[in-house]
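Produce the complete structure using the sequences and hints provided.
Number of protein chains: 4
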Amino acid sequence: MVRGVNHTLMAASFCPSLPQHFKPKPIIKFRKSSSSFKVFSSQSSIDEVPTRVGFLGLGIMGSPMAQNLIKAGCDVTVWNRTKSKCDPLIDLGAKYKPSPAEVAASCDVTFAMLADPESAMVVACGEDGAASGMSPGKGYVDVSTVDGPTSKLINGQIIETGALFLEAPVSGSKKPAEDGQLIFLTAGDKSLYEKVAPYLDIMGKSRFYLGDVGNGAAMKLVVNMIMGSMMTSFAEGLLLSEKVGLDPSVVVEVISQGAISAPMFSLKGPAMVQSKYPTAFPLKHQQKDMRLALGLAESVSQSTPIAAAANELYKVAKSHGLSDSDFSAVIEALKVKRKD
Amino acid sequence: MVRGVNHTLMAASFCPSLPQHFKPKPIIKFRKSSSSFKVFSSQSSIDEVPTRVGFLGLGIMGSPMAQNLIKAGCDVTVWNRTKSKCDPLIDLGAKYKPSPAEVAASCDVTFAMLADPESAMVVACGEDGAASGMSPGKGYVDVSTVDGPTSKLINGQIIETGALFLEAPVSGSKKPAEDGQLIFLTAGDKSLYEKVAPYLDIMGKSRFYLGDVGNGAAMKLVVNMIMGSMMTSFAEGLLLSEKVGLDPSVVVEVISQGAISAPMFSLKGPAMVQSKYPTAFPLKHQQKDMRLALGLAESVSQSTPIAAAANELYKVAKSHGLSDSDFSAVIEALKVKRKD
Amino acid sequence: MVRGVNHTLMAASFCPSLPQHFKPKPIIKFRKSSSSFKVFSSQSSIDEVPTRVGFLGLGIMGSPMAQNLIKAGCDVTVWNRTKSKCDPLIDLGAKYKPSPAEVAASCDVTFAMLADPESAMVVACGEDGAASGMSPGKGYVDVSTVDGPTSKLINGQIIETGALFLEAPVSGSKKPAEDGQLIFLTAGDKSLYEKVAPYLDIMGKSRFYLGDVGNGAAMKLVVNMIMGSMMTSFAEGLLLSEKVGLDPSVVVEVISQGAISAPMFSLKGPAMVQSKYPTAFPLKHQQKDMRLALGLAESVSQSTPIAAAANELYKVAKSHGLSDSDFSAVIEALKVKRKD
Amino acid sequence: MVRGVNHTLMAASFCPSLPQHFKPKPIIKFRKSSSSFKVFSSQSSIDEVPTRVGFLGLGIMGSPMAQNLIKAGCDVTVWNRTKSKCDPLIDLGAKYKPSPAEVAASCDVTFAMLADPESAMVVACGEDGAASGMSPGKGYVDVSTVDGPTSKLINGQIIETGALFLEAPVSGSKKPAEDGQLIFLTAGDKSLYEKVAPYLDIMGKSRFYLGDVGNGAAMKLVVNMIMGSMMTSFAEGLLLSEKVGLDPSVVVEVISQGAISAPMFSLKGPAMVQSKYPTAFPLKHQQKDMRLALGLAESVSQSTPIAAAANELYKVAKSHGLSDSDFSAVIEALKVKRKD
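Residue numbers (the working numbering), protein chains in the order written: chain A, 1 to 340; chain B, 1 to 340; chain C, 1 to 340; chain D, 1 to 340.
Among the hints, erroneous ones may be present.
Non-contacting residues of chain A with respect to chain C, defined by C-beta distances greater than 12 Å in every case (computed) [unchecked claim]:
hint, residue
1, P98
2, G211
3, Q257
4, P278
5, L294
6, T304
7, E312
8, Y314
9, H320
The calculated label-pair distances, taken between Cβ atoms and stated as ranges, are [claimed, not checked]:
hint, chain 1, residue 1, chain 2, residue 2, range
10, D, G321, A, P278, 30 to 36 Å
11, B, A271, A, G137, 44 to 50 Å
12, B, K174, D, S191, 55 to 61 Å
13, B, G126, D, K175, 28 to 34 Å
14, D, S135, B, G137, 54 to 60 Å
15, A, S84, B, S275, 53 to 59 Å
16, C, S266, D, G321, 54 to 60 Å
17, B, G93, A, V300, 55 to 61 Å
18, B, P270, D, P270, 29 to 35 Å
Below, computed lysine-lysine pairings styled on DSSO-like, alpha-carbon distance capped at 30 Å [to be verified]:
hint, chain 1, residue 1, chain 2, residue 2
19, A, K335, B, K288
20, D, K335, A, K335
21, A, K152, B, K288
22, D, K288, A, K243
23, B, K243, A, K243
24, D, K335, B, K284
25, A, K335, D, K243
26, D, K284, A, K288
27, A, K335, D, K152
28, A, K152, C, K152
29, B, K335, C, K288
30, B, K243, C, K152
31, C, K284, A, K152
32, A, K284, D, K284
33, D, K284, A, K335
34, B, K83, A, K288
35, C, K243, C, K175
36, C, K243, B, K288
37, A, K243, B, K152
38, B, K288, D, K243
39, C, K175, B, K243
40, C, K243, B, K284
Hints are computed from structural coordinates only; laboratory data are not their basis.
Everything numeric in this text was worked out from a predicted model, so none of it was measured.
The C-beta atom is built at its ideal place from N, Cα and C for all residues, glycine as well.
Right, dumping it as structure tokens:
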């Protein structure tokens, strides 16, 4: 049901133009079986070959993702609301279409990476949206982070055209997107999942298939809820250490060597110690995810006192004007502030 | 002031009998300078050569630590309240003395690894305790986890004899002790720290010098506070995922690949999903550390709402009779329990 | 802008048939000015005389409220989805109409007391709803507890007909409704507020005018949020006292004599001590109000860590199957439960 | 076991000089039986007549308490560390002795009202402390607020002399002390409790006998824990109401009329709305009580998440420099503070 899959070698195989510097990634769980290869045969049905790939939305995440597809030798058609963002990709070999509908109509499978649920909705189901270009045999993969209800709405519109839908939010931000190290949390049509797996493997380091539409969104909320709480615990520890006369930089280092070592702590800790919060994941988005996760927990009566307490700190940080800082700025909510 | 140090190569160098299977560990920050080697010359002063090493307390942690010293070729004299626990080490080549005082009197430096502050106090300062065998030129290194005040009391008794004292609680449990992968959080006499560094490097993978006596205990509390809170956040996530129809095992796996991946999650998650909590670190000790950390935070008026909320869950788990289970059993505090 | 008003004497004056046992209530802030009396003259415009009063919804709250109006001598026309609930009031002299629209068409002012936002919406704006019977010169007073957005929707539909709207949720449950001791938290059209004041004064002991539609709902959420948190604090105290060997009944009594004495504690404490929770305000409604209040707080980035922690306990209580018990059953969430 | 007792009439009876303006208080639970009166006969044993009353400690609380005893016609001997504070009472008719020991030696029963556990300890058990003046037939009543362990220590010292001990911390601050409206939470020797009841009834409005020494302190902590949490909930409500555009003064008034109405809210709410916190009960003392209550809860593994969260806010308020403000200043911990 679930798999973390290595793919780099496969990617190298089916994309003849895969550039030399595209270095293989470590195998995660198992190599994809050789039968996977036939998806790249020359047949025209989605059952066999989604060779023409659309990509809608070329922001911070979408651009490097589409670029990785192009670099891997895929046949990519792009669209973005602001056309200028398409230019660097066109220079790399991408085709261009002036609307989501036209991209969808000209491709076997279309990916969408939009900034928020509203945009995801408009691009998929609005006027000249992707849905108007979909038809049986095609697939639509929404890799945006949207809430479950939005995902279900988009799913409904897509499958009404006879096409297939896959929800596939990613775990990972700008750097993993550039490095092809994203994690895909997919849900929806399983056959589509299997057809697009090679593409996911170009853009990411692993992928999970989680069942019904909505499960991808739920998984992402759960993970981000834990992440948000962890960050507040880490912040408490750094400040406490400083107050009792320890060097918080040393706390970061001690932690990095033990059982609670996490990339997030090593990455953000040194900056936090200097009260610097360069934005990788905006605090307002982390707070929104805490809120949505708490709502999810409420809906099933699951007690989550830690996340609830953590959310309060993100709210305080927001009221300090830190919405657009990195979410590690939540540490400021625990510092004494005096009005003078 | 602080260093994580590699040592394995050094250990291999100065202990002629170092067994073949004693595999080098990765370098952490820098290699120990060659001048370190002279501490293993044949001179008799602590200023130069603490060649005779005492080890008091051979429990779950102490036994493998002493064993690693013996295997590295060191001249080790052991003592344990229950003499039988000394036998396997004597078989490996250790000497034996019938009291802490006699161990201390016959060694250059003496390590102590006791279960709790009370035992640490008795072994150091009680009748026939180590202090009665100490004298100028000797060193006492308490690697037990004790609170700051106890550590200061022991320090006082030791330095009164003219000997030197180092507080050196370890981060890491049974497995890291066996593998020589402990982390030492030391504080106290800096010259003693430098003298015993080669021994710490045999037993551990890194070491930090944190200044005044009490700072080692404080650092350990800070780290364990973060650890305790993280575990409760992780538990919330696992239960929430299950309630909304996701497979919590997949949450464990997704987390293991992203920014919040931590050894603790990967190690304990799979068991937690099965409601199993084999004890590595007893829940009652984690709760005690949360309580002490909250006390530390109170003493400096540092707000720690997350740790406070997490502590409440450990209290609930204790009242469920889970004191002696692993601290990951705190997840039970978040499950619905019904009396019927 | 805001007033708590005494009214009993006024009520006695303008309702000729006011029964003898209708005892005056204590004056709260000021007596209503004599000019108020003219609203009960015989003129037909809302500007002057809303003499014909409609009442929609005759549940636990609505029935005694309507009954108090009838007993005070008012000309009341009732409607309820289940017609049989109208019978006792018809026996007391009420008129009956078979739909909200017909009630509204035949009355100067119509009150509505529905169980939830959905019902309030349907009765006001659905087919044959009150709005279809409204017209300029009439007023609609919704005394149901609904969220701000619903209240605004109803407001929009009503004023579109040219009629006036007042949101007027009540503080107080069954007993105060019977005793005419409710507190009205009104918002919306100020002139309508003034016109219906005599009726509010028959049904309640005080009334507040809070400005724009939505403010009544917000005020009720704020008060209920404090109430919900207070109950959890009280529960903690009762359980802690018992655990340390004190008699929790004595805690209830000690509290009743000091600065934190509150009617809620005296009323519910003795039953809580016996683990009894006869429902006055269902726990699920309290939890819903906590959730809505937290949502309100999020919307303005106000930190409310206590309410957030309290909400978690209500969630736990819900998962224990206590949704329909009184909200004081939240104390069960703090008790140790063991599965055996 | 426990009683709230009326006393005013009794007080009026046995103190011939009771001034006219000493107005009777409302009966709380039952009138003291007539047998109580014999304690004021002329016999010399404590079993019968403690007519000579000592009072140690004449601060904000002690002065009005002693004054009430004097005004009621009792034979009072006073002592205070700073002698000048005795003068107004001497003017009212009190006798004076230069040490606690001499007061105790010359009186049948001695009350002590000290500021903290340390002072209570010194005055009772230090050099020239009350214990040195105690002997069989005498009684010592400590009305200071001290922790359980201190109370037990003092108890031990007193009963070693053959005298009797009663712990009797009060609920109520300056104003109730002046008005004779305190609540006594007593524990210890029951016969002494009964002997001194008439005096407690002069100084307070009710009294509870709670069993073993330590229970008075525990009861006070439980009540203050609830009080501390309630204040934070109230603060959250006031701030939330303001943020959403309601008038927080109206919240205070709405609350004052409903089920959660409490004297504390009515008393402090109006000042809090104006960010004023005239000290009646210092915030640092409230925070200390929260901390001690949490410690008590830990000792019996009772979960108290609300109190834990509330305590964090008091800590924040302390770090804002509000230790000596009234504890209602905890509201500041929930306000946004910006360093600029």
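Given as non-interface: P98/A, partner chain C, CB spacing beyond 12 Å = Holds, because the least Cβ-Cβ distance between P98/A and chain C comes to about 38 Å, which exceeds 12 Å.
Should the label of H320/A as a non-interface residue stand, given a Cβ cut-off of 12 Å to chain C?
-> Violated: least Cβ distance 9 Å, not greater than 12 Å.
Is the straight-line distance between the alpha-carbon of K335/A and that of K288/B 30 Å or less?
-> 25 Å, holds
Are the Cα positions of K284/D and K288/A separated by 30 Å at most?
-> Cα-Cα ~35 Å, so violated.
Sort out whether K284/B lies within 30 Å of K335/D, counting only the CA atoms.
-> 36 Å, violated
Regarding the pair K243/B and K152/C, is the alpha-carbon distance no greater than 30 Å?
-> 35 Å, violated
At the C-beta level, are S266/C and G321/D separated by a distance inside 54 to 60 Å?
-> 37 Å, violated
Restraint check for K284/D with K335/A, where alpha carbons must lie at most 30 Å apart | Between K284/D and K335/A the Cα gap is close to 19 Å, so the pair holds against 30 Å.
Non-interface claim for Q257/A versus chain C (Cβ beyond 12 Å) = For Q257/A, whose nearest Cβ neighbour in chain C is about 33 Å away, the distance exceeds 12 Å, so it holds.
Minimum Cβ distance from G211/A to chain C greater than 12 Å, as the annotation requires = Per Cβ check, G211/A is outside 12 Å of chain C; nearest 24 Å; holds.
Taking the shortest Cβ-to-Cβ distance between L294/A and chain C, state whether it exceeds 12 Å.
-> 8 Å, violated
Is K175/C close enough to K243/B, meaning Cα to Cα at most 30 Å?
-> 39 Å, violated
Comparing the model with each numbered hint stated earlier shows that hints 5, 6, 7, 8, 9, 13, 16, 18, 21, 23, 24, 26, 27, 30, 32, 34, 35, 38 and 39 do not hold.
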